[in-house]
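Asker: So the chains spell out like this:
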Amino acid sequence: MEKFKIYVHHYYTYELFWLFFHGLEIEPDNVPTWFRNYNRWNKNIKVKESVILNGIYKNNKIEIEFCNEKNWDKTDGFHLFDYSIKLLEDGLVSDRGFNSNLMVETNNKNLDFLNSKAKVLNNKIHYHYIDWEGHDPYIMEGWYKRMSSKIQFFVDEETTSVKEKVPNHHFVFTNLIWSFIYPNTLGVRDYYFFGDYLKYKNDYKYKINVPIRRMYGDKEAMANIVLKLNNPTISVTQSSFGDENQITPDTHKPTPYRKELISKIPKENFIQKRGYGIHDWGGEWNSNNMNENMWKMFGISEVCILFEHSPTRDRILTSRFSAVGNNFITEKSISHILVGKPFIPFYKETIDFYNKWLTTYGKKVIEFPLEYDCILDKMDYIDNLTYDEHKWNEFVEKLKIYVNNLRTQLIELIHENNSYLDYVISDKSSKPLSIL
Amino acid sequence: MKKFYVHHNYSNDLVWYFFHGTDLKEPDIPSYFFKEQNTKQVLETKYKNDSIKIIFCGDDEWDKLDGNHIFDIHTYLMQEGISTDRGYSYKTLNYFEYKLRDDLIKKGRVLGEKLNIFYIDWEGRNHTLPISKIKNCKIFVDEIVSATNCKNHHYVFTNNFLSYIHDSNLDIKHSYFLYNYLKQITPNHKLSYSVRRIIGEKIKQIKKLLTIPEVFITHSSYSFTDDSVDSNIDKEVDEFRKYIQAHIKDNYINKRGYGIHDWGRESNINNIHEMYYKILPLAEVEIIDEWMELDYISEKSVIRILSGKLFLSSSFKVYDFYNKIQTKYNKEPYILSFRYNSFDELCEFIKESIADKDKWNYVKEELKKWVETTRKNLIDISYTNNSYLDIILNNSKELI
Chain A
1 MEKFKIYVHH YYTYELFWLF FHGLEIEPDN VPTWFRNYNR WNKNIKVKES VILNGIYKNN
61 KIEIEFCNEK NWDKTDGFHL FDYSIKLLED GLVSDRGFNS NLMVETNNKN LDFLNSKAKV
121 LNNKIHYHYI DWEGHDPYIM EGWYKRMSSK IQFFVDEETT SVKEKVPNHH FVFTNLIWSF
181 IYPNTLGVRD YYFFGDYLKY KNDYKYKINV PIRRMYGDKE AMANIVLKLN NPTISVTQSS
241 FGDENQITPD THKPTPYRKE LISKIPKENF IQKRGYGIHD WGGEWNSNNM NENMWKMFGI
301 SEVCILFEHS PTRDRILTSR FSAVGNNFIT EKSISHILVG KPFIPFYKET IDFYNKWLTT
361 YGKKVIEFPL EYDCILDKMD YIDNLTYDEH KWNEFVEKLK IYVNNLRTQL IELIHENNSY
421 LDYVISDKSS KPLSIL
Chain B
1 MKKFYVHHNY SNDLVWYFFH GTDLKEPDIP SYFFKEQNTK QVLETKYKND SIKIIFCGDD
61 EWDKLDGNHI FDIHTYLMQE GISTDRGYSY KTLNYFEYKL RDDLIKKGRV LGEKLNIFYI
121 DWEGRNHTLP ISKIKNCKIF VDEIVSATNC KNHHYVFTNN FLSYIHDSNL DIKHSYFLYN
181 YLKQITPNHK LSYSVRRIIG EKIKQIKKLL TIPEVFITHS SYSFTDDSVD SNIDKEVDEF
241 RKYIQAHIKD NYINKRGYGI HDWGRESNIN NIHEMYYKIL PLAEVEIIDE WMELDYISEK
301 SVIRILSGKL FLSSSFKVYD FYNKIQTKYN KEPYILSFRY NSFDELCEFI KESIADKDKW
361 NYVKEELKKW VETTRKNLID ISYTNNSYLD IILNNSKELI
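Quick note, the sequences are listed as chains A and B, same order.
Start counting the first sequence at 1; every next residue gets the next number (the working numbering).
Start counting the second sequence at 1; every next residue gets the next number (the working numbering).
Chain B extracted, bound-state conformation (with noise of 0.2 Å):
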């Protein structure tokens, strides 16, 4: 029997994120209502026929050599209270770096390749420098393609995956109910984008869409300019005010409002729920940010095929992402008939589909049937395979 300590405190939440897929049933993954209940437990399962058995044992059991010991970095800052959710921030970076990374070092030195750290940050490869230096044991990331100095590391989808929805703090497992009533609303708009954060690829974009009357761009408010990770994009925001802002001045979703109307600060939950609420509603086709240049996939895309939202990315790529997992994981994918290779070709395709209600139906409907399809099939997917335990018990390989 294989053994797995995982150095958390115990949740129902936890077991679906790290323990997706074996033969575990909810009645025997306990949800207790008292703290004290919380901090450890024990279970036992099988997965694809091997016996395992799962110990969450917090802060314990480090110095057993019996075992595979699982530890995943943004869990533990969000169950010591240091990070609120599981999206980027300066505080999980900063932690990790300064006050984990060492320690999870020394560890390594005695685990070796049992020491199984998860680095699931919703971010690509250009943000995995501070986890690159540990070399000493496996990291489970969720980077698709890892740079050439990780060796150690291991792409793990259907734990990525679950992520945003066991994991994230965010309510993003809300987005999958959502589906119920979103696809029942009539949208003012046919086509929508939205941009928060000003960086220069969007002002591009925008700059395109403006060609394009049907497309409703808004604009929501955003705080942190100053911030050290936007020191950069003065001039972008110079340019936005320029050129763009008087355009869509009336598309304005402001965060701040009198009472019930004050979403807050730009945590991350707030944008989160403005994107519910606010954002997808707005049209019945959604343009969206996802760069898969960098090799991994956001909430952006994950949220709208758990809501069932069409949406057209700017880059082709995540689709061919997410049909790939699917072939990979034995479902078939719904092949779009069309293509594009690059923002220019999308926004010349939208040219010529809305200006045709037969086309821009087509288009709709072609749309809908990838998202219902690759939604079906993630959520299969993921509850029957385990992207981490194929790797530690079968030697897989997560490529795509």
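Excised from the complex, chain A in its bound form (with noise of 0.2 Å):
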């Protein structure tokens, strides 16, 4: 049995563990979430002291050890470092959500540290970059000019556009998925339990709704082919949307269609993010979005169709499709797997994605039971499908049953597995091998 140590710089919590480290066998008891002279009494006061656990990983041990700043000159081991994990603890974020003010600024922060230590540490730095964002940091963020080429990176683009000239690109499948969920800042893990309540809800409004907050990419075409089928079973929603400078100061200009939108859908369709007391869920911050999605949007229709990227059509759509990555999921199919919510993406290639890593990780696949590459081009067939109750209803039951599969066997392929730690006990030979 081969051994890896895996140092990782960051203050120890549980929730940091299962991110990293799922998959490990290792017994929950024996991952401690409370210290006596630390976050006993608060969770948010850091364990400064080291923190050292270990498992088993496909018959190999794995010594992990949380250490912050300290054992940066060790060259026994690899040693993890997280872009958005760094900004969380200094405190200049509240979660994992893109925030464009701060990338510039500390891209050239990290790059400068983490090059420095590659002199000494060579390819046993590993930089986690899960942003859940379709841009290409390697492009976006001029790593393929700043990064030391020995520094290992692990993101949730599959590919950068110039994947063959990148061999430390690395995808970390389970890593993205449980980066949703851990830490959870944002209240995504709880959306796995709330599908217990959801599952007995029956007096939906609509049969479809296409929630929309922000107006942008093909958003704006289905709102108004939604419009246009004028189908009382189809609608679509706006969510208020305050401050469009919270988003992209720099690029995003809000469309005047927005209004037009707003004046024609039933008034209950704006959903309002500000309201009297109780019923006000403040600013635009991602926790309150996720909150309002889970109070506000499930009980809606009994499906949704949710508009995940396309890598394809944000490569037509924009004229920096070099920084287009291969990215292909968010916060929003993952809240509808978690919860079981029955959806339908914008584009087929987001079940091609899913579909893809359940077979690459050995497990069971089931069709989707509607046939499309691009949903702006079904919805006549929609239209008519929601006409025949009988076929409707045989529609819904085989979009459930797909996305039960999916929430199934998403969650035991995590509990099994782990992208990140396949690649540490991998026998490539640009890493070193056992290294204890």
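Treat the hints loosely; a few may be bogus.
Far from chain B, by Cβ distances over 10 Å, these chain A residues were calculated [stated by the list, open to error]:
| # | residue |
| --- | --- |
| 1 | I52 |
| 2 | W72 |
| 3 | K201 |
| 4 | R274 |
| 5 | N404 |
Partial list, computed: chain A residues near chain B (C-beta under 7 Å) [to be verified]:
| # | residue |
| --- | --- |
| 6 | H22 |
| 7 | P28 |
| 8 | D29 |
| 9 | F35 |
| 10 | Y38 |
| 11 | N42 |
| 12 | V51 |
| 13 | F193 |
| 14 | G195 |
| 15 | Y197 |
| 16 | Y204 |
| 17 | Y206 |
As a list, the in silico SDA-like pairs of lysine to any residue whose alpha-carbon atoms are at most 25 Å apart [stated by the list, open to error]:
| # | chain 1 | residue 1 | chain 2 | residue 2 |
| --- | --- | --- | --- | --- |
| 18 | A | K201 | B | Y176 |
| 19 | B | K278 | A | Y200 |
| 20 | B | K48 | A | R274 |
| 21 | A | K296 | B | K278 |
| 22 | A | K61 | B | G259 |
| 23 | A | K363 | B | Y258 |
| 24 | B | K91 | A | S94 |
| 25 | B | K364 | B | G259 |
| 26 | A | K201 | B | K183 |
| 27 | A | K267 | B | Y181 |
| 28 | A | K46 | B | K99 |
| 29 | B | K300 | B | E348 |
| 30 | B | K376 | A | Y200 |
| 31 | B | K317 | B | S337 |
| 32 | A | K46 | B | Y88 |
| 33 | A | K199 | B | F177 |
| 34 | B | K278 | A | P183 |
| 35 | A | K199 | B | G259 |
| 36 | A | K86 | B | M78 |
Quick caveat, the hints were computed from the structure, so don't treat them as lab data.
Every residue gets a Cβ at the ideal spot worked out from N, C-alpha and C, and that includes glycine.
Join the two chains into one complex using the hints; note that each chain is given alone, in its own frame.
Answerer: As structure tokens, then:
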């Protein structure tokens, strides 16, 4: 049995353990949650001492040491550093949701730091950068120019635009999925348990809803189609979006279509985040948007059409196509999968993505009950389907079976596997072999 | 115009917590994104014909003598990152006692009754000792009846109730929205009773409930039994292990599980989430321990009311309290057709009701009417009145 050691340069929390080391054979009781002198009464107080855990992963011994800023001089193991977790620990962000305001400054700071360490540690530095966005940091943040080629980076884009030249690029599927729930800063983990309530819901107003908050991409075309269909069982909701500058102050210009859409949909389909008293969900923080999603959006329709990105489509729509990474999923599909809510993604690529990774890990795949590439081209079919109760119910049942299978298989897959650890224990020549 | 200096950083939720019932509507209450926008804020409005000016000023403006100065101990500790939520914590008690109290007493010497300290800790009179030593200002608390040595304490129902919703950091607001889903589920059991921290009274109650087969009793994991707050419960824990655990071993709710099933530590937020997702859906009716003997309400009854969960409280005083509050604020409470005066009587009542389908349905209907009426009335009351402002502006006495 080989042994591998990983130094995690963050403060220990049990949530970070699951994020980085799910799939490890370890008893939950051996994953400590609190320490007498630190976070016993306040979970936000950092555990400053090193915490060491041991487990088995696919017949390999793994020793994990959460050591924060210490031990960068150790050459007997890998060194893990996570972009988003560092921002969280420094109090610069409240969750993993992308923050363009910090991107340039933090990127430069991290690269300077990690590059300096790479001189000694060579390819033992593992830089995790999972931002739930489709932008390719290798291009967009200049890693191809500035990052030491020795640093191994672990991202949520399957490939970069220049994959052949980037042997240190690693897509980590299981860590990507788990990044949505650990640390649970956005309450996404709660969706899994909320599913036990949602399955009883049976008084939906609509058969299908297209939820839109920030208007961009093909969403406008979709809203237009829904309005033209004039089908009383298909709706579009527009959520309030108080301050557009919160998101991408440099690039995002609000579309005038938004006002037109709001004027044409039923009043109750304009989902207001601000309301009186208990109905006031506050500002446009990611956590508030996720609360709105859970408590306001799931009860509207039997099925949701979700805007998940298609890298292929994004490359057509943007002039900076080389900056588009192969990223297919966000909290939108993850939240629906965890809660077991039937959904149709805008582009079939999302389905293909999940199916591909279930297959890769030997999990059961169920056929998606709709053949399409882009849902925009299929809305006439969907429209007709809603008028035939028998066919519609059959379709919804198949969607439920699809999403429930995906939910079950994904959880199983992640409890048994770890994409990052698969790299650690692999015998690729680009990294040291046994290190202990 | 009456001025209120609020010595906390601004947030829309704090406006609802302190100044609900005023003429402020949500467009008047900004919800800013950037941290720097959330420090200071001035709002002007009216409360029942009195014009008021609200100045969120953080740690500044303590020298101003032209208005009331609001300082909420739990809000301060949460904003400073010293505690994570409003729920009970030694950290809160110790920090207040050793780091805040002397300074507040000094401020009280200058401001007198214009210093308005909020100490809403969701605990009973036995927890008021630390705050009872401040005598020179007005203190707003959640003990319905204060101890005799606390003449400057004032019970503020609406602020107490809304502290759960707007300033708890515990997602308790979510229970109001959970209502829409909870009412649709089909529970597996008729009655449930859930315990986490084992204390003597609960052991006595479990022993009695074990004689009623229809009651599903769960035991949740609890890892702080060596804590000083629990230093004297070893005997109870032993007794629980010896006589009870075997009877309910299959109903153990373990907070620790593998991966997604790991709820983590015994933090208040994890306990609340366990309640939402593991406890509330268990049964048609839940038996809860809301101890009114120490004259306070806790998240136990608040969450059940907000979520519309049917419950039988171990103390009937809970229903009396909420009914009296509704009457005080000119709302019509739903009066339950049954009554019990002890836990023994409650058990007898359950045995009698549950044996007969019609009787059981009747009990459920009664509880449903009570919880639905109370839920609606308490929300109405809290957003059209303000117990704190009634005391400051109208010399109201929050007595029921």
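Asker: State the violated hints by number, sorted upward, taking the hints as numbered earlier in the document.
Answerer: 3, 4, 9, 10, 12, 14, 16, 17 and 25
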